[in-house]
Amino acid sequence: MSYIKNILAAIGLISLSGLFIFAVQKAPSDDAVVKEKKLINDYNVYALSVPDELDFAGEKMPLNDPDVYERMDKELLVNTYWQSNGLLMFKRARKYFPVIEPILKKHGIPDDFKYLSVIESGLTNAVSPAGAKGFWQIMPATARENGLEVNDNVDERYHLEKATEVACKYLLKSKENLGSWTLAAAAYNAGNAGIGNRLKDQDVKSYYDLLLGEETGRYMFRIVALKEILNNPKKYGFNFNESDLYTEIPTEEVIVDVPVKDFTAFAKEYGINYKILKIHNPWLREAHLNNSSRKKYSISIPKKGYYK
Numbered sequence: 001m002s003y004i005k006n007i008l009a010a011i012g013l014i015s016l017s018g019l020f021i022f023a024v025q026k027a028p029s030d031d032a033v034v035k036e037k038k039l040i041n042d043y044n045v046y047a048l049s050v051p052d053e054l055d056f057a058g059e060k061m062p063l064n065d066p067d068v069y070e071r072m073d074k075e076l077l078v079n080t081y082w083q084s085n086g087l088l089m090f091k092r093a094r095k096y097f098p099v100i101e102p103i104l105k106k107h108g109i110p111d112d113f114k115y116l117s118v119i120e121s122g123l124t125n126a127v128s129p130a131g132a133k134g135f136w137q138i139m140p141a142t143a144r145e146n147g148l149e150v151n152d153n154v155d156e157r158y159h160l161e162k163a164t165e166v167a168c169k170y171l172l173k174s175k176e177n178l179g180s181w182t183l184a185a186a187a188y189n190a191g192n193a194g195i196g197n198r199l200k201d202q203d204v205k206s207y208y209d210l211l212l213g214e215e216t217g218r219y220m221f222r223i224v225a226l227k228e229i230l231n232n233p234k235k236y237g238f239n240f241n242e243s244d245l246y247t248e249i250p251t252e253e254v255i256v257d258v259p260v261k262d263f264t265a266f267a268k269e270y271g272i273n274y275k276i277l278k279i280h281n282p283w284l285r286e287a288h289l290n291n292s293s294r295k296k297y298s299i300s301i302p303k304k305g306y307y308k
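full-length UniProt numbering puts the first residue of the sequence shown at 1, with every later residue one more than the last.
The hints are simulated quantities; they were obtained by calculation from the structure and are not laboratory data. Since the model is a prediction, treat every value here as computed from it, not as a measurement. Worth double-checking, as some hints may not be accurate.
[As the list claims (entries may be wrong)] DSS-like, lysine-lysine: derived pairs with alpha carbons at most 27 angstroms apart:
no.: 1; residue 1: K275; residue 2: K91
no.: 2; residue 1: K175; residue 2: K91
no.: 3; residue 1: K95; residue 2: K105
no.: 4; residue 1: K205; residue 2: K261
no.: 5; residue 1: K91; residue 2: K295
[Unchecked claim] Ranges of calculated distance between the beta carbons of each label pair, as one might list FRET restraints:
no.: 6; residue 1: Y46; residue 2: S243; range: 26 to 34 angstroms
no.: 7; residue 1: S49; residue 2: K304; range: 44 to 52 angstroms
no.: 8; residue 1: E248; residue 2: E176; range: 30 to 38 angstroms
no.: 9; residue 1: N44; residue 2: I255; range: 51 to 59 angstroms
no.: 10; residue 1: D244; residue 2: K60; range: 31 to 39 angstroms
no.: 11; residue 1: Y246; residue 2: G131; range: 21 to 29 angstroms
no.: 12; residue 1: K303; residue 2: K91; range: 19 to 27 angstroms
no.: 13; residue 1: D65; residue 2: F238; range: 23 to 31 angstroms
no.: 14; residue 1: K95; residue 2: K74; range: 24 to 32 angstroms
no.: 15; residue 1: V45; residue 2: K261; range: 53 to 61 angstroms
no.: 16; residue 1: I279; residue 2: Q202; range: 41 to 49 angstroms
no.: 17; residue 1: N44; residue 2: G271; range: 33 to 41 angstroms
no.: 18; residue 1: L87; residue 2: K261; range: 41 to 49 angstroms
no.: 19; residue 1: A141; residue 2: P62; range: 34 to 42 angstroms
Positions of the beta carbon are idealized from the N, C-alpha and C atoms, including for glycine.
Produce the entire structure from the sequences given, and follow the hints as far as they go.
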């Protein structure tokens, strides 16, 4: 009985303590309440208006088709309201598009294809489960067929300029085979044979008339959505200053035609560390370079003053 009394007494003390704590807590100030209400009232999720006209590489999207309209609406919504990812794309685009754009132009490929690299990798050196790597997600066989070096020491799929050159070659072949830039872009995801066979099997000529798997079926809509958003940031609620965006750090090229035993020591010779060397040369895959053939490699070294 005394045990029960002790328990009840303890409960009573806890209850009184809770009341005391509650009593001495300060009520939120009027200003705090107003600010909280304003925050809640200012956060709204809006439906988006799909533009009357959208195109990829000058080829119009048939938005009068209800299915096409709904799929475009979906991708605009997904990419607009995935704000953190969207803002990162603005930041990275400022850094990497100036590298990609002149290479596309040199090959006569429409500027819109830079958005394909965003969809492929998020402008990062991504690695797919299938083994595709780099900004342009190039498979090993495709890389070697187009002259890129791929081995334990060096993987030029991670070399943005060289990988963009290979992507351009592939896209030009696809355009020649399939007849439109839209189909060429889709073939970058599904392969020339994959798109060609589906066009034949379904007896249609347009990407937008094809029944495709989810990834390839969303592919062009994702590209066009990102193009629209990246070209109209304020329209889609993205606000930033130029200073918020990333920029490419100027580099100088050092030609190496001998083996390198230790890239840590090599980096120190140029006043940087191994991490910074790898940031600017991600295609160097190991901490050394065999180079028994004495091949010439151009290694990028950041100009002085950008790293402390």
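Here is what the structure says about each hint:
no.	hint	in the structure
1	K275 <-> K91	holds (21 angstroms)
2	K175 <-> K91	violated (30 angstroms)
3	K95 <-> K105	holds (18 angstroms)
4	K205 <-> K261	violated (55 angstroms)
5	K91 <-> K295	violated (35 angstroms)
6	Y46 <-> S243: 26 to 34 angstroms	holds (28 angstroms)
7	S49 <-> K304: 44 to 52 angstroms	holds (49 angstroms)
8	E248 <-> E176: 30 to 38 angstroms	holds (32 angstroms)
9	N44 <-> I255: 51 to 59 angstroms	holds (57 angstroms)
10	D244 <-> K60: 31 to 39 angstroms	holds (33 angstroms)
11	Y246 <-> G131: 21 to 29 angstroms	holds (28 angstroms)
12	K303 <-> K91: 19 to 27 angstroms	holds (22 angstroms)
13	D65 <-> F238: 23 to 31 angstroms	holds (28 angstroms)
14	K95 <-> K74: 24 to 32 angstroms	holds (28 angstroms)
15	V45 <-> K261: 53 to 61 angstroms	holds (57 angstroms)
16	I279 <-> Q202: 41 to 49 angstroms	holds (46 angstroms)
17	N44 <-> G271: 33 to 41 angstroms	violated (51 angstroms)
18	L87 <-> K261: 41 to 49 angstroms	holds (42 angstroms)
19	A141 <-> P62: 34 to 42 angstroms	holds (35 angstroms)
Of the numbered hints listed earlier, those contradicted by the structure are 2, 4, 5, 17.
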